[in-house]
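Q: Given next are the chains, with one letter for each unit.
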Amino acid sequence: SAVISQKPSRDICQRGTSLTIQCQVDSQVTMMFWYRQQPGQSLTLIATANQGSEATYESGFVIDKFPISRPNLTFSTLTVSNMSPEDSSIYLCSVTGQPQRGIYEQYFGPGTRLTVT
Amino acid sequence: QKEVEQDPGPLSVPEGAIVSLNCTYSNSAFQYFMWYRQYSRKGPELLMYTYSSGNKEDGRFTAQVDKSSKYISLFIRDSQPSDSATYLCAMRAGSYQLTFGKGTKLSVIP
Numbered sequence: 027s028a029v030i031s032q033k034p035s036r037d038i039c040q041r042g043t044s045l046t047i048q049c050q051v052d053s054q055v056t057m058m059f060w061y062r063q064q065p066g067q068s069l070t071l072i073a074t075a076n077q078g079s080e081a082t083y084e085s086g087f088v089i090d091k092f093p094i095s096r097p098n099l100t101f102s103t104l105t106v107s108n109m110s111p112e113d114s115s116i117y118l119c120s121v122t123g124q125p126q127r128g129i130y131e132q133y134f135g136p137g138t139r140l141t142v143t
Numbered sequence: 058q059k060e061v062e063q064d065p066g067p068l069s070v071p072e073g074a075i076v077s078l079n080c081t082y083s084n085s086a087f088q089y090f091m092w093y094r095q096y097s098r099k100g101p102e103l104l105m106y107t108y109s110s111g112n113k114e115d116g117r118f119t120a121q122v123d124k125s126s127k128y129i130s131l132f133i134r135d136s137q138p139s140d141s142a143t144y145l146c147a148m149r150a151g152s153y154q155l156t157f158g159k160g161t162k163l164s165v166i167p
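Protein chains in written order, with the working numbering: chain A, 27 to 143; chain B, 58 to 167.
Do not take every clue at face value.
[Stated by the list, open to error] Once the Cα atoms are required to be at most 27 Å apart in a straight line, the calculated DSSO-like pairs of lysine-lysine come out as:
id : chain 1 : residue 1 : chain 2 : residue 2
1  : B       : Lys159    : B       : Lys127
2  : A       : Lys33     : B       : Lys99
3  : B       : Lys162    : B       : Lys99
4  : B       : Lys59     : A       : Lys91
5  : B       : Lys99     : B       : Lys124
6  : B       : Lys113    : A       : Lys33
7  : B       : Lys113    : B       : Lys162
8  : B       : Lys127    : B       : Lys59
9  : A       : Lys91     : B       : Lys159
10 : B       : Lys59     : B       : Lys162
11 : B       : Lys124    : B       : Lys162
12 : A       : Lys91     : B       : Lys99
13 : B       : Lys59     : B       : Lys159
14 : B       : Lys113    : B       : Lys124
15 : B       : Lys127    : B       : Lys113
It is worth saying that the hints were derived from the structure and are not from the lab.
Given only the sequences and the hints, what does the whole structure look like? Please build it.
A: This is the structure we're talking about:
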């Protein structure tokens, strides 16, 4: 499985500011995703980070609020813009590598715990 | 009705007990079923992966899928305190997108 690291691991930010979260993978991966995990809620997919093109956002998430970059096959960033307390959450990077026995397994990074005051 | 329902618990069992964790779902297109384990302040860790109906065993863990009932289960035998974590079920159809349950928090008491 791929080894995924995220920076920062946690942060406390003031409302109205922006935070950029980095995701680094130790090997080239096919797909990279960004998820949000709010207390008591299911993991929710924010977007798929596409290498060399604009990210694909899920319903309820927009590029102006969550701009994403993916300059290569091992790195991606997620920015949480103009933050409000409702953005307080854990943000998780996830990747899918080459299929194993025809199955694409999906792995998660350690997460970034964000608190907005 | 949510696509995936999972009892959030918390579930507390004595060490050595057999644990049963379950999810129900409504989307008949789901074909791939996963269980993730998430320790406190860590990312989810892929535990088991099953395609379509049937059973899969890996050590003390057994995953079951019953597509006719839209019901999946994870059994943990001889549970250990180190199994204390939140267990997330996840599933997908043919695409990459996973749909998760809310997770069940398990505590195994020594």
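Q: Against the structure, test the hints numbered earlier, and report the numbers of the ones violated in rising order.
A: 5, 6
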